[in-house]
Structures are given as structure tokens and as C-alpha cells.
Amino acid sequence: MSNTARIKTAPKLSPIWLIPIIALFVGAWMLLQHQLSQGQTIYIKMPHAEGIVAGKTEIKVRSVKIGTVDAIRLASSRDHVIARAQVDNHYDNLLTEDAKIWVVKPRVDESGVTGFSTLFSGVYLEFAPGESKQLTERFELQEEPALIANDVKGGRYKLISRDAEVLEVGTGVYFKGYKIGQIETANFDWQQQVMRYGLFINAPYENLVTLNTVFWVNSGLEFDLSADGINVKTGSIAKMLKGGISLATPEGDPPGAVAKQDHTFSLSDSYKAALEQRFYDYQHYLIEFEQSIRGLREGAPVEYRGMRIGTVEQVPAEVMIDGRPAHFSNTSNAVPVLIRIEYGRLYRDSTQAREFWQSHVDELLQQGLKASLKPGNLLTGAVYVDFDIYPDSELVGLTQRGDYTVFPSTSSGITVLANQVNDVLNKVKGLRIEESLAQFESTMARYETLAVDMRQFMSDPSMKALPKEFTQDMADISQSMRQFEQSMEQFEVTMASFQNGSKMYQQMQSSLEQMQRLMDELQPLSKGLKEQPNMLIFDKELPADPLPRSDN
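Under UniProt numbering, the first residue of the sequence shown is numbered 1, with each subsequent residue one higher.
These aren't lab readings, by the way, just hints derived from the structure by calculation. Since the model is a prediction, treat every value here as computed from it, not as a measurement. One or more of the hints may lead you astray.
Pairwise CB distance ranges, derived in the manner of DEER restraints [said to hold, decoys possible]:
no. : residue 1 : residue 2 : range
1   : Gln191    : Ile389    : 39 to 49 Å
2   : Phe188    : Lys105    : 17 to 27 Å
3   : Arg156    : Lys374    : 42 to 52 Å
4   : His48     : Leu211    : 40 to 50 Å
5   : Asp262    : Phe188    : 11 to 21 Å
Derived DSSO-like pairs: lysine-lysine, alpha-carbon spacing no greater than 30 Å straight-line [unchecked claim]:
no. : residue 1 : residue 2
6   : Lys133    : Lys100
7   : Lys60     : Lys153
8   : Lys60     : Lys176
9   : Lys100    : Lys158
Positions of the beta carbon are idealized from the N, C-alpha and C atoms, including for glycine.
All chains should be built: construct the whole structure from the sequences, respecting the hints.
Dropping the structure here:
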């Protein structure tokens, strides 16, 4: 048999066997292409899924679709919702860790109506890319839309408000009536009991924010009553509805250095209050008043002969000395008050003012500089701290109590008047009027005896035998003696009017008694005015009736 005959022909593969293999490769390719076309998967944490529909709700950047929510599920903790979304692979570089995402829906604010189109198309998710290079796949939905995009130029600053009204996010910031920024964040610090705001000032207006800039709440309605009449000034409707924050450099002050990013300022409830609170360079002093401080309030002015130089900070001073409150740690029972001398009030340049005060305060104390309480308003009973020179008072220098410097003080007002009346009465009581009257009576008796002896001597017959000249001289002497006697009689009558039981004596005694009664009446008045300075206008406040306590 030939070799050719021995070789068998190999069986041919049928094309039907290639179909499954090709289908497998095609399916894998299609699956790969589908996965690639799906892009990046991200997960969004939401408080709820109101308005979000899987497979329909879109994710947009500047109104351009970049992805779609494809699934929504409840978290295992049951306190939030997880939405899964697919972002096109062309935009996976936008998924940075500082990106922000929020729901776009109809909103009404000071800028107008936004998101109106979602009434018909449904809500969508707005995505705001960040500036970070770090990518992530997990995001958290914001409750409010981001007001300022990351690519907007400007500066961010912080405000702390203690007494001003609470403002909303989005409230405008104005400079001379022109809007230059807005509130970006608003949070209440419950530990410090203050509102903390984050401001964004658009470029190039961040250069208006200097270190001496003041901020205050502007309601949009200004009312001024003066001798020229009533002046009412209104702002925009948005400012009247939501209010606003105004900023400015105080008049007369040169612009300071431009503030750096995140610098913290204080927010006041008015421009007047902002001017009072702008002094950051000051020195604390304790003043111990040995009288009632009723009517003195925190924020009261500290003046020097009518010029404002500081502010009362604590009444009484909430400081501890040797482990005890300051008003219970001294032996004089004086009440300490904490004040601050604000150098910016002494002179525009606070640095020069500080140097002047520290170098001259000892000299002023040697001249008699002391602090006292003066009435500021008779209707409200408010008082203030006044510095003045008292040259006749005891000279006292600065002393130290704990960590605080004590400034000398003196009593004033009704307390001084009562002390002066007391001194006058004590001096009157110290006069020995009765002893003086007794001495006058003894002297008058001796002069009367002398006058009688002289009359007898002159009437003696032997006096006639004396020479004529001598007799004439003696007659002159006798005449003089009679005149002297008459004068002494008049003096005796006058002095008799001062004797005990006389009318003049009774009048003097009555005057002294009246002065004593006046003093007795002034003492409770002085005490009452010290405790309640406004008692001349309003009824004295009586203490509450004591409540009986059970023995159980």
C-alpha cells in the first residue's frame, strides 16, 4: 500500500463551533465598553431622598450633565440615605475631596427666584468642583447651595457677634450702600454664647477691609430726630427685609493695613456701638469704691473731666485674689470695679498714647488724680467713673492686688455733702459757748466793782483840796470812767442776752437743734441715694418679703 494511501485526511472543523467563542469575546468586549462608558461610581450621603428619583435625577456642573443617580438605598443605621451615581469618565477628574454637591430646587432669597425650571423637570444635583488634587468617591449632600464658587476671587473673614441680631446666610455686606460681599456661613457657638459668621468679600473690595475697619448691622432704615426736624433714610427692599452688614473706617482715622484672610472682627448692633468697641489696645485697672456702686453698669464710660478715656468692664470685678472674690478679699469692705483705659481714646495713635499714659500716670497721681462715681442720668440713676485732680486729698499711688493694678479712688456726690454737714455740726458742738458766757459774766462783775470804787473815790471831800489841775484831770478821768461804765453796762446787757435762759441763747440753742435734726434727716437720704441714685424720681425699691422656711 502506498504511503499516500496510508495518510488519512484530517476532519474539518464546522463554523458552528466558532459562534460561541466569538459571542463570548463580543460579550466581554461589550461589557468592558459598557463599564468604560459608565464612568466613575460615586456615593452621596443624604439626610433624605425627597425629590431624588433613581435613573432620572441628574448631576450637573454649570447646567451641563456629568452623571445620573442610578440607585437609592437606606443606610444600615436607618438615619440617612445613600445614593449611588455614575459620573461620565470625561469628568472623573472633577471628583475632588473639597467638591460640594447640593439639591437644586425652587428657592426665594434676596437675589430673586432660582431653580424655577425644576418645577417641571424635577430637582437635580448641582456639583461644584474644588481645588484639591485628592480624588474621592464619597460625598455628603449640603443643606444649602454653595453661595460662592471656588473660582470666584475675593477674601474670607470672620465676625463674632455677642449682642447684635442674628443674620441669615446670604445676607449682603455693604460699603457705603454698595454690596461687596455676603455672609457665607453662620453658626451659633453655644459654649461661648456668640454667633460666628464667615464673610466673603468679592475682589478687589477685600482691600477695603483693614485692621481698623468696623462692622455693624444695618437694618436699611435710619431714623434721626434733631433740631432740623425728622430725617428718615431707607435702603433697598432686600436690606429692609433681611438686613445687612455695613463696614467702614471710622471718620478721622487713616486706613490701616489690609487685613489678612480669616482675620476676626467684632460685629456691633449699630455704628455708634461699633465706634465704642473698636479700641483693642487698653490696660486694665481695679478701682475700689468705699461707697455704693448702685447705678454703675458694664459699658459705662470712664471720663477725665468730661473726656472719654475708657470703659467699665465688670461691675463688680469678677476676679479672684488669694482664692477669694475680690470684693470679699479686702478688709476695707470696698467694692472693686474693673475698668480699662483705652489708649485710642487718649490719642489717635494708640502707641504714642500708651507711652504718654505710662510715663505720666505717676506724675498725675502726685497731683491728686483719683477716680470717683458721678451721676450720669437722673432719670435712670446711671452713674459713671470720673477721673479728676483732688489736690487737697491724701496722695496715693498705684498699688497691686493679685495680678491687677489698683487705681486710687475718693468718695463724691451726696456722700461728700453728708460728710461736710457732719463736720460742720461736729465743729459747732465743739464750741464751749457756756464756758465763754460764764467768763464774760465774771469779767463784767469785776468791772462793775471797779466802777463803784471809782465813784466813791471821786466823791470823797478830800479830793476838793487837791490842786485845780489835778482836780480837772481827775474829773476827766471820772468822766471817762462814767463813759466806760456806760459801755460796760451796754456790754453787760449784750452779754446777758447770751446767758442761759435768755432769748438770744434760746435762739442759738434752737438753731443748733434744727441743724442736728437736719443732719439726722440727711443721713437716711444719703444712705438711700447711695443705694438707689434714682430714688428722687422713682419710688425706693423695697426688698422682697422673706419666705418662711420649713424645719423639715
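Hint check against the structure, violated hint numbers in rising order | 8
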